[in-house]
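Student: Single-letter residue listing:
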Amino acid sequence: MKQFYDFKIEKIKNLSSKDKNLRKKNLEVFNKNGFPNKKDEDWKFTDLNKILSQNFKNIVNKDFSLKNKKLELIKEFEHNYISLLNGKLISSNFSYEEKNKISLENYNYNNKIIFDKKNSLNFLNDALATGGFSLEISKNYKLNKPLVIYNHFSNSLKETIVNYKNLIILNENSKLNLINYVNESIQENFMVNTIENIKIKKNSSLSNIFINNSKCNGYFYKYIQSNLEKNSNFENYLFSSGLKFNKIDIVVNFNEEHSKSSIFSALNLNNNEHQEIKTRINHNSPHCQSFQKIKDVLSDESKGVYQGKIFVKNNAQKTDAYQLSRALILDGNAEFDAKPELEIYADDVKCSHGSTSGSIDLNSIHYLKTRGIPEKEAYKMLINGFLIETLEKLAEGKLKNFLIKKLERQINGY
Amino acid sequence: MLHIKNLEATIDKKHILKGLNLSIKPGEVHAIMGPNGSGKSTLANVLSGKTGYETKGQIQYNGESLNDLSTEERAQKGIFLAFQYPLEIPGVNTNIFLRTSLNSVLKAKGEKELDTLTFLKLIKEKAAELGIDEKFLSRQLNVGFSGGEKKKNEILQMKLLQPKLSILDETDSGLDIDALRIVADGVNSYKNTENAFLIITHYQRLLDYIKPDYVHVLSNGKIVKTGSADLGMQLEKTGYKNLI
Ligand SMILES: Nc1ncnc2c1ncn2[C@@H]1O[C@H](COP(=O)(O)OP(=O)(O)OP(=O)(O)O)[C@@H](O)[C@H]1O
Ligand SMILES: [Mg+2]
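Read top to bottom, the protein sequences are chains P and U. First residue of the first sequence? That's 310 in the numbering used here, and the numbers climb one at a time after it. First residue of the second sequence? That's 2 in the numbering used here, and the numbers climb one at a time after it.
Among these hints, one or two may not hold up.
Using 20 Å as the maximum straight-line C-alpha spacing, the simulated SDA-like pairs for lysine to any residue come out as follows [said to hold, decoys possible]:
| id | chain 1 | residue 1 | chain 2 | residue 2 |
| --- | --- | --- | --- | --- |
| 1 | U | K51 | P | D670 |
| 2 | U | K108 | P | P683 |
| 3 | U | K108 | P | K484 |
| 4 | P | K587 | P | E544 |
| 5 | P | K689 | U | E74 |
| 6 | P | K709 | U | S139 |
| 7 | P | K689 | U | G92 |
| 8 | U | K51 | P | K484 |
| 9 | P | K685 | U | S139 |
| 10 | U | K212 | U | N243 |
| 11 | P | K484 | P | K510 |
| 12 | P | K714 | U | G92 |
| 13 | P | K709 | U | I97 |
| 14 | P | K689 | U | V144 |
Bear in mind the hints are in silico, worked out from the structure with no lab data behind them.
Throw the hints in and build the complete structure from the sequences for me.
Tutor: Structure below.
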């Protein structure tokens, strides 16, 4: 296979010689392994190397100059925001909050984070990452309004990879609703490789929502590592339809007792879009609950993948873990692959998992049609009904209505 | 209004309707009775335009051949089927479904679609007439509804869409005595000289409330006997033995 990428540490400005050397080493590891393929258990269903080689001629890294891009703010609900351009922090606004309770800075690359996983994309990130942010919420502070992260990308990203890292810390007894929002319709192919480190301290709660508003030809990989202290809560909502390629790789570590995490996903994919969700829930402590519900609707030649692993350590008694994936396949050429895995070393646990995939129920379509509803509309109603269920647990309000609208947009067309 | 001539229907190699004839005029109420498996629901399905059947023969509806019309077009032109087993549709809100349905029909007729508020007022009224608790309307369509509640919901849809030809497939089965009366009242109050009913039932009970102009016996894919309302009462006593 022809080499289709060319990454250079030299393109990153202002590095200390120590940092440069470290980055070079990481790049060497990446170059040795290349992009992941199916031999890697974590990429069992996807030959990323092949996909990229077919869609890119020569991917490079660049040093981006910071330009302000005009912000188009969401009007449907009041919110704070952070705006990122190609992963770099360009502006923020916390007008609904007490300023001294929130700290937001550029990510500090001098603080090395140790990850419990190293895949070649992580190495690539370690080699090339610049930009990103560190966000820290003070003890006992619950944000009044949600925080939207506007992820912007410039039009000049053709054949370019963007790498960055974020750090999010919720100190004791704090609360944050995060919305990761992509609203780009870039036609050129580009890549985004992110590592996010999340720390949720005692009695704190983070909800992390991913929502896309348009179609774009970006190839995204995001690795999220989260560490949960006692009595904390971590919710994830993944509504990232519209991206050409997307893989979200989430690790949840229950390090102390009585915490909860949930992952809900609703994806409507068409053309040759490809989305993957990979989760690893580490029940390292007793009395924790994890919940996962993944729903995909696939048409044309699209592909959905779910790899979900629940690990229960021998001392993690009274673990309650639930995992379900369901796919609706509308087209013979579409594909859904699921690999649910349980690895349990404790005996007093409740774990259940299931996976189904099937086609749309034609009797239901007929029923709707007998009420005068055109066939196309009937399909949309059923697809919407199938996906919208993932929003059930979210509190009623403007944010939920916004998400329902966006999900409908993803289903009905842009 | 409806003329069926020599209708045959086959599905999955099973020949079910075997030359059925039936004519219905505006303002008439027709009842169809007949043994289990004789093809009553199949007739209703074929009239609704359900796919999967191989059919022969003719069905004329208001001068148009039904074969050329899709299910939704039939509905938009006034054919309504109350299902023997209404489907549960998870994730679809009953109110939204009802409004989409009504507006699709209005749109096809070239009439003005209803905005949310006007619709909610209308549906509240109709639901109250049938003794349906409003709470049902904000639930998922038929999901977890009891058998009788599902049947009432079918009649609610009928009253909302105001069809010309209503086909009720065993709408009475599973209804308690009070619900049966409410449903029958619903039909009677909607009945006029313009519209017609085809009522499939196993029991004379319903026909005590909704007086049919004709009673037909469907057996083995054909109408084997047609009579007046008295035929229903007679069948209740003698069963189908002597007819088949
Ligand atoms: N898809 C199918 N494939 C094979 N046989 C079928 C199919 N659908 C219906 N049948 C058969 O056709 C016959 C007629 O079915 P239908 O549902 O029309 O009966 P019915 O008169 O409505 O009966 P009931 O009074 O029990 O409701 C039955 O024997 C049924 O098993
Ligand atoms: Mg039947």
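Student: Going back to the hint list, which numbers does this structure go against?
Tutor: Structure breaks hints 3, 8, 9 and 10.
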